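Chain residues, written in single-letter form:
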Amino acid sequence: MAMPHAESLLRTALRLTREKSLSEDLVQEVLLRAWRSFEQFEAGTNCKAWLFKIMLNLASKRQKQIRTRPQLVSLEENESFKLPVTVTRTPEFTGSEVVTALDSLPEEHRTVLLLGVVEGFTCKEIGQMLSIPIGTVMSRLSRARIGLRRKLTEPIGRACVCKPEVSVKQVQKGAYELH
Amino acid sequence: MNCTEAEYLAPLYWSNELEPKVILELEEHLSDCAECARELQAQSQFDELLRNAVDQNAIDQQLINPQDVRTRVRQEMRASESLWRRIFAGTALRLAAVSAVLLILLGGSLFYVSRQRAFERTLYADAADDHHDEVMAHLVDSYWRYKVADIQDLLQSWVGQTTLAQALTPNGYHLARARLCELQTQIYVHLVYDDGVHEVSIFVRRKEAETLAGRAIGSINGKSLHAQFVKDLQVAGFQSRDLTILVVTDMPRRDCLEIARQAASRV
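Protein chains in written order, with the working numbering: chain A, 144 to 322; chain B, 541 to 807.
Simulated from the structure, these hints should not be mistaken for lab results.
Bear in mind the structure is a predicted one, so any value in this text is a computation, not a measurement.
Be aware that a few hints might be false.
Below, a sample of chain B positions facing chain A; criterion: calculated Cβ distance under 7 Å [claimed, not checked]: (1) 557; (2) 561; (3) 593; (4) 594; (5) 613; (6) 676.
If you anchor each label on the Cβ, the simulated ranges turn out as follows [what the hints assert, rightly or not]: (7) 175(A) - 575(B): 44 to 52 Å; (8) 633(B) - 204(A): 15 to 23 Å; (9) 206(A) - 631(B): 18 to 26 Å; (10) 632(B) - 247(A): 37 to 45 Å; (11) 592(B) - 187(A): 28 to 36 Å; (12) 188(A) - 620(B): 20 to 28 Å; (13) 297(A) - 607(B): 37 to 45 Å.
Don't be surprised by glycine CBs; every beta carbon is placed ideally from N, CA and C.
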């Protein structure tokens, strides 16, 4: 039941740890933990989400224990984050450039991008995995998307059809019912 | 819906978490706002770019090999199971030995009980056969003792009670004859009583370890009374402290039981 998700787990683990051996160790432990505590899995729920939650918890613990690699400083949730350019057509970035840009993002942004964009989890599922409110997930996703695009466009300086700064602003909740 | 709200809701739009009516509102806004429409389209393309890049990067550089990990996990699982097996191996062996002993004891007990039941069933049948062949059909006319003194000697020798023949006499009957017989490899004294119409056989022996099979149908003076219908004959049996006694007759069951009750009340 868990084995088919090994590839997804590895793909995300690799981008979280940035090292092949670490990612493999991490996923191995995730699968073994899932096997040993399978009785905790609630039948009918999303097995993939359960495995990712185990992995994120493990990765978080390891990160706290090791602290060997330099930590990327993430932006505060309420910090203004400017998108310098708006790209109106998809520039031709190579996969390597995109991955390099992704890896350079703060961990919390990288995590939500991997979970939401690459693995296709919903904001609600991501919120449950990371134990954060759905509003925070949405905010992080927006910032992470803008951050990635900025990373891609800034250093390369590609010619894009741009418009002046577009701010990501918090919108007062309550105007729309989230489900 | 304005641009700021559309921007805020965009993550839910991409993950299909918006309610239909909100989706309609957002799409209405996009149809009116070219800037937001371009932005969402561009972001969708970036998302696709990111998905492909992460996938392609892992494949191109052979950075992930799920099969390797699966193999390692399965090995770990097997090793873990083996560890448990080793931990419980000794216990399992002991449990198996104890189980084997218990099974042997259980099997032996069942065998003994079944043999005992078979023995008793055959005992009733043997007694019925003896009554039929020697009393009703007169197939064996030798070895009978007719004199009371001779019968008393026989009883004294094999049962140890000289007066037993009189004690066992059914009401209205008299002692006709007696001889030794063998039922299920055990020697019984076969007493025959006659009332002028019917003959009744009473088999008696000194009790050893034998028990009577079948469910007890009653109790007389603390003696369990057993009864079986065998080959058109009624057989009733009981055991006193010292004796095993069987009554066989071709009369109805109630008569057979009555004779057995009388005998049981006197020994």
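- prompt: Is the gap between the beta carbons of residue 206(A) and residue 631(B) within 18 to 26 Å?
  reply: violated, 41 Å
query: Taking the CB of residue 188(A) and the CB of residue 620(B), does the distance hold inside 20 to 28 Å?
result: holds, 25 Å
field: Supplied contact hint for residue 593(B), tested at 7 Å Cβ to chain A
entry: holds, 4 Å
message: Is 37 to 45 Å respected by the C-beta to C-beta distance linking residue 297(A) and residue 607(B)?
response: At roughly 39 Å between Cβ atoms, residue 607(B) and residue 297(A) fall inside 37 to 45 Å, so the hint holds.
- request: Grab the minimum C-beta distance from residue 557(B) to chain A and call the hint holds if it beats 7 Å, violated otherwise.
  value: holds, 5 Å
- prompt: That 44 to 52 Å hint for residue 175(A) and residue 575(B) (C-beta), does it hold up?
  reply: holds, 50 Å
- request: Double-check residue 561(B) for me: the hint is only fine if its C-beta lies closer than 7 Å to a C-beta in chain A.
  value: Result: violated, 9 Å to nearest chain A Cβ.
- prompt: Can we keep the residue 594(B) interface hint, with Cβ of chain A closer than 7 Å?
  reply: holds, 5 Å
Outcome of range test on Cβ distance (residue 592(B), residue 187(A); 28 to 36 Å): Holds, at about 32 Å.
message: The hint names residue 613(B) as touching chain A; please verify it with the least Cβ-Cβ distance against 7 Å.
response: holds, 5 Å
- prompt: Do the Cβ positions of residue 633(B) and residue 204(A) conform to the proposed distance bound of 15 to 23 Å?
  reply: Since the Cβ atoms of residue 633(B) and residue 204(A) sit about 40 Å apart, the hinted range of 15 to 23 Å is violated.
task: Starting from the range 37 to 45 Å, see whether the pair residue 632(B) and residue 247(A) falls in it by beta-carbon distance.
output: violated, 56 Å
Checked against the numbered hints given earlier, the structure breaks hints 2, 6, 8, 9, 10 and satisfies all the rest.
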